[in-house]
Structure formats: C-alpha cells, structure tokens
Amino acid sequence: MKRTPFFSLHQQAGAKIVPFGGFEMPVQYTGIMDEHRCVRERVGVFDVSHMGEFFVTGPNAAAFVQSVTVNDVTKLSAGAVQYSAMCYDDGGIVDDLLVYMLGVDSYMLVVNASNIQKDFDWLKSHTMDGADLVNRSDEYALLAVQGPNAEAMLQPLTAAVLSDLDYYHFTQGEYAGVPMIISRTGYTGEKGYELYFAPECADTVWNALFEAGRQYGIAPIGLGARDTLRLEMGFCLYGNDIDATTNPLEAGLGWITKLTKGEFIGKAALVQAKASGLTRKLVGLTFSEKVIPRHGYVIEHDGAAVGIITSGTFSPTLGSGIAMGYVQSMYAAQGTQLEVDIRGKKTAAVVAPIPFLKR
Amino acid sequence: MNLPENLNYTKDHEWVRLEGSIGVIGITDYAQGELGDIVFVEVPPIGRKVEAGQVFGTVEAVKAVSDLYSPITGEIVEVNKEIQDSPELVNKEPYERGWMIKVKIENEADLAPLLDLAAYKNLIAK
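Here the protein sequences line up with chains Y and R, keeping their order.
Going by this note's numbering, the residue at position 79 of the first sequence is 79; the numbering climbs one at a time, nothing skipped.
Going by this note's numbering, the residue at position 1 of the second sequence is 1; the numbering climbs one at a time, nothing skipped.
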C-alpha cells in the first residue's frame, strides 16, 4: 500500500484512513456532512496525490494523444485543460482523464490512481514514433483547494492572478514560494484550484494553505465528502459509473466524445453504437422516501429489472437520497417513474436531471 | 470513547439499559463512530415484537448501511421520534437522546448472554 507525502499530516489532523486505489487515503476527518458543507460554503483541501501524471512530448505528441482519447486535442491551446476519456477498440472506457497542454508538443495526462499501471501499459502499447511517454506520478504531490473562498484564500501567497484564470485553464507559477502548476479545475462543482508540485514541498504547501485559510474556514476533506460532492454534480467515478463495460455515449459523456474529429481508438465502435441507438443510458434518480440508494441496487419498472445503480448516496445539500445508474433507454426520459429495490423494499424513484444541484 | 458501566452490550454493538421491566436499546459510541454521519434510522412501530439476536431495524449512514440486532425479546412500547428528525443525535448522544426503541422485557434471562463493559471493551479492542 502506497502513501502520499501528506500521510502523516492526515494522521495529525485526525483522519480515518482507508485503502483506496492502492493508497492509504483519508476517508474523513470530522465527518462527511461537515466536510461536504465546508466545501459548499467555505473552502476545503483534498489530497489527491494518488492521481497519476503522465507526460507526452515530441513532434507527434498531439497526434498520439489525439489517437488515444475521445475529445479533440486540437481544440486545446497551451495553458488549457480538457476532460477526456480513453477507450478500448470496443468503445469500453479505459479511464477518464484530464489532458493538459503544457506547450507545443508537450502534454500532461492526469489519470485515476487505481488505473495508473493499466493506463500506462495501454498507452505504451499504442505509442507512436515521435511521442515519448513517461509516468511521473511519483514526482507530483497534488492538492485540490475547492470552495467559494478558494480564490480569496489562495491569492495572497501567489503572484499568479487567479481571477484571470478561466475554468479549465492553468498557469505555471509559485504558491508560498513553491513552483507549481495552478489549475482552475476540480471535481466538486465549486470554484476551485488544483496544485501540482514536488512531493518534497508537501509540508510547506499544506501548512501555508491552512495558515492562510484559517480566516476563511478552511478544513481538510476526505474521500467520503469527495464522493458526495461529485455525486451531487453527477460527475462519473471510474470503477462505479464508468468502466471497460460502459461506453462514453451511454455514460452521458457524449459532450467530450468527438466522433467527427478523425481517427481514435474506439471510434468505429462508438459510431456504430450511436447509429444503432444506445440500449441504455446513465441517468440521475431522486427519491422522496427516506432512503439511501447504493451501488449495485436493482432499478425496476413494473416489477421487472430495467437497470442498476452505479453510485448512490445521501445528498447533504438536498437532504435526500440521490443516485446514478444505467437504465434501458426507454426508461431514461426525465420524470420517468421507476422503483429501486432497497434491500427488499421497492422504493419509488424518479429520473431526474443531472446535475442534481442547480448552480 | 464513551462506554458506560451500567449497560449490557451485544457483539453487534447495540446496548440495552434496564429501566424496571423496560429495556432501552441503542447503538454504542464505537458503532456510531465506525458508521460516521447517520442520516436515517428505521425501526418498527410500537406494538411490534423484537427477538433477541434478530434484526429489528437498520441505520443508514452516508457511507454505509447497518442492521440493528435486538439484545432482548419483547414488545416495542416506545420508539424515539426525536431521532427521526434529528438522526445526528445517535452520533452525538448514543446513550441518551440517541436511544432507538424501548422494549417490554419478557425474560430477564435474555440479559445473561450479553456482554458486560469489560467483555465489550475486549471485543472492540480486537
């Protein structure tokens, strides 16, 4: 089991530690509800150093990334970030990822912790001449600073003008004297930043953040609240909502899947899937009864199974159960009345728009 | 961790406190800590019978759901309405305002196989 450079800081902060993606990670500090509200109302810091960072360089770097991801890399300019996915030939998802255009012929790919080796092997097996691929995951600490107070609390310790940084853009600068990538990204639905820097500087950056953030109500946030926050926004989690058996179109990721951009791995299968009509779709479900839907619960219509829940939780903001799951396409329309088998109890559920939280 | 002396405990982390012929039932401080933020508690209505060692309800925390096992056999004479609206009381005051049901004990011998404080401490230390 690996540890991030913040492990002892998590222990000092009273974290409950659990295994996740091959790492010992904090699942909560004071409690999921507290931490969730802290991010929605103030500002929270997540250790996401377990994520993987790959670098692609060389004259064919763009062509290579274009060939292995579903989004259109040519739309990126230096300093911009793109949410994307990698697919297998059959359209199943290898991983979802962020693509950073660092400069001409230079890209950073940020992948899920549990998929680092799988993704690297997959990419390595499809490399082309003129595109060098390096896994530098161990050379980066990564903190996400998320919440309405994120910009105000970060600005005093950096020369980068954060208000100039648009969503899904980044800059290379310093925070608290530490060189880093400051990226206007995150997975919470709140305004926020992700900071990539050398693991040797972990203590310096963590301590500077908490010192500067005290007056803004800062707190460390664990994986538990990370999950409730992303689920309120309807963001997919690899291994739950998307995996090798699901394609990006049925997962609601058609907006990042550019079928007209030219060749990429999985394109033929995705074009075919779209042409013949999607058999199932990932939908949001809301519940009026006091229940918490969870991964694996069966979705029914008139007593017949029509789908399965892939992620479910109690939404701290809405005060009710919310879920995402795949249903047969004929049941995917908003407002469709369905039932979910919650440990033997048929519970009414309604297909609801995603995100659950209106921003 | 708060573990009162005067209670009987189950290996499934419930407690029962004897008040005359009534057993007050809840979950332990250890259990609420392991579950994390509790958002729903589902227990049967007054008049329903619960059986020692059998499931009588569920407690839903954000992260996980857990069954509730009755320490004793008997009829439910009162349920805690307060935790329906304020389930966080189970986290904050597991032995006081966070109690779950009150049961009219049929047989005090039910208490004999339950764990005393030392035995329960031993269980959760493992």
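Be a bit skeptical, because a hint or two may be false.
[Unchecked claim] No more than 27 angstroms apart at the CA atoms, straight line, and that leaves these computed lysine-lysine pairs for DSSO-like:
#1 Y:K16 with R:K11
#2 R:K121 with Y:K2
#3 Y:K16 with R:K92
#4 R:K11 with R:K126
#5 Y:K346 with R:K81
#6 R:K49 with Y:K346
#7 Y:K16 with R:K121
In case anyone wonders, no lab produced these hints; they're calculated from the structure.
Keep in mind it's a predicted model, so treat the numbers as computed, not measured.
Evaluated hints:
Taking the CA atoms of K16 of chain Y and K11 of chain R, the gap is about 23 angstroms. The hint holds against a cut of 27 angstroms. Using a Cα cut-off of 27 angstroms, the hinted pair K121 of chain R and K2 of chain Y is violated, with the two alpha carbons roughly 31 angstroms apart. With a CA separation close to 18 angstroms, the supplied pair K16 of chain Y and K92 of chain R stays within the 27 angstroms bound. Between K11 of chain R and K126 of chain R the CA atoms are separated by roughly 12 angstroms; this keeps the pair inside 27 angstroms, and the hint holds.
A distance of roughly 24 angstroms separates the Cα atoms of K346 of chain Y and K81 of chain R; the hinted pair therefore holds under the 27 angstroms criterion. Distance restraint check for K49 of chain R and K346 of chain Y: the Cα-Cα separation of roughly 23 angstroms lies within the 27 angstroms cut-off, and the hinted pair is therefore satisfied. Taken as a hint, the K16 of chain Y and K121 of chain R pair is honoured in the structure, with Cα atoms around 20 angstroms apart against an allowance of 27 angstroms.
Hint check: a violation occurs at hint 2 only; the rest are consistent with the structure.
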